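Let the sequences and hints guide you as you build the complete structure.
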Amino acid sequence: MKILVPTDFSECADFALNAACQFALIMDSDITLFHVADLPDEFGAKSSDDSLAERVQERMKNNIDELMSQREAMAGSIGVKLHKESCFGSFTESLIDYDKEQQFDLVVMGSYGASGKQEWFIGSNTQKLVRKLRKNILVIKNPISNLRLNKVMFPSNLTETDREAFIEFLDFLKIFKTKEVHILAVNTSGWFNQPTPIMLELLKDFKALATGDYDCQTHYYSDYSVEAGIRHFAEKYEIDLVGISNIGRSPIKRLFQGSNVEMLINHSEIPILVIDNKK
Numbered sequence: 223m224k225i226l227v228p229t230d231f232s233e234c235a236d237f238a239l240n241a242a243c244q245f246a247l248i249m250d251s252d253i254t255l256f257h258v259a260d261l262p263d264e265f266g267a268k269s270s271d272d273s274l275a276e277r278v279q280e281r282m283k284n285n286i287d288e289l290m291s292q293r294e295a296m297a298g299s300i301g302v303k304l305h306k307e308s309c310f311g312s313f314t315e316s317l318i319d320y321d322k323e324q325q326f327d328l329v330v331m332g333s334y335g336a337s338g339k340q341e342w343f344i345g346s347n348t349q350k351l352v353r354k355l356r357k358n359i360l361v362i363k364n365p366i367s368n369l370r371l372n373k374v375m376f377p378s379n380l381t382e383t384d385r386e387a388f389i390e391f392l393d394f395l396k397i398f399k400t401k402e403v404h405i406l407a408v409n410t411s412g413w414f415n416q417p418t419p420i421m422l423e424l425l426k427d428f429k430a431l432a433t434g435d436y437d438c439q440t441h442y443y444s445d446y447s448v449e450a451g452i453r454h455f456a457e458k459y460e461i462d463l464v465g466i467s468n469i470g471r472s473p474i475k476r477l478f479q480g481s482n483v484e485m486l487i488n489h490s491e492i493p494i495l496v497i498d499n500k501k
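Sequential numbering from 223 applies to the sequence shown in my numbering.
To be clear, the hints were calculated from the coordinates, so they are not data collected in a lab. From a predicted model like this one, the values you see are computed outputs, not experimental measurements. All C-beta atoms, glycine included, are put in the ideal place defined by N, C-alpha and C. Worth double-checking, as some hints may not be accurate.
[As the list claims (entries may be wrong)] Simulated DEER-style distance windows between Cβ atoms:
| id | residue 1 | residue 2 | range |
| --- | --- | --- | --- |
| 1 | 307 | 370 | 42 to 50 Å |
| 2 | 284 | 430 | 54 to 62 Å |
| 3 | 418 | 300 | 27 to 35 Å |
| 4 | 259 | 446 | 38 to 46 Å |
| 5 | 441 | 276 | 52 to 60 Å |
Below you can see the structure in the form of structure tokens.
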């Protein structure tokens with residue numbers, strides 16, 4: 223497995239790198255640490271003083287190299303091989319282009335989340351990546367001192383697309399000795415919910431996919447929103463990882479309806495594996 227870790231050298235990005243190192247040790251994988259630097263706006267166009275622009279860029283590059291080397295040494299100290307890659311430009315576009323070239327299997331990324339207008343109109347780099355990168359993305363908010371995935375959950379609206387994502391999630395869990403898998407459907411008492419008997423039957427169908435390998439439990443959980451239900455359930459049951467299918471929305475729908483995936487990224491403190499639905 224090829225793992226990509228974007229970094230801005232912040233504390234949160236280092237949480238993600240540390241988590242990625244723990245995953246890499248279990249998966250016997252290497253890590254690529256990727257940084258995108260933005261030049262000051264005045265250097266975006268042709269500068270009247272090209273030598274000044276070059277000096278600024280060279281100084282930035284030297285600083286990036288030093289910060290990269292510090293993290294390479296940290297990874298090496300615990301037995302993980304880390305490759306370094308950096309460039310100047312736009313974060314999202316540069317990362318997507320680099321992934322097209324290298325074809326990573328998993329992106330591990332830190333996130334502080336976002337709130338208010340930023341959450342809906344601008345969004346964090348993690349949100350933007352979730353919208354645009356067709357890849358499985360593991361989002362980390364807090365330090366993970368000892369990686370364990372004993373109890374995991376898969377919230378779902380129980381569609382055929384989610385079924386495929388759930389199968390991929392189970393495949394991801396195989397080497398982690400996971401004990402409990404909780405399949406969650408959230409009842410918000412809204413107009414568009416399926417009747418309860420249908421939801422319970424669909425939950426049974428999903429459970430059959432994991433029978434024999436895990437202690438698999440199903441839940442039809444009531445809350446005021448899907449995102450709140452996922453967070454509250456995860457906290458109540460002390461879940462170690464949330465796996466969720468990423469079904470994209472148009473910008474207009476995102477503005478008015480929101481994306482459960484993006485809202486979960488912003489508000490949940492638990493690691494989230496966003497599974498690309500491939501459709």
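Okay, the hints, checked on the actual structure:
1. Judged by the Cβ atoms, the range 42 to 50 Å given for residue 307 and residue 370 is violated: they are separated by roughly 30 Å.
2. For the hinted restraint 54 to 62 Å between residue 284 and residue 430, the CB-CB distance of approximately 57 Å keeps it satisfied.
3. Take residue 418 and residue 300: their Cβ atoms lie about 48 Å apart, and the range 27 to 35 Å is violated.
4. The beta-carbon spacing between residue 259 and residue 446, approximately 42 Å, falls within the hinted interval of 38 to 46 Å.
5. Between residue 441 and residue 276 the beta carbon distance is about 59 Å. The supplied range of 52 to 60 Å therefore holds.
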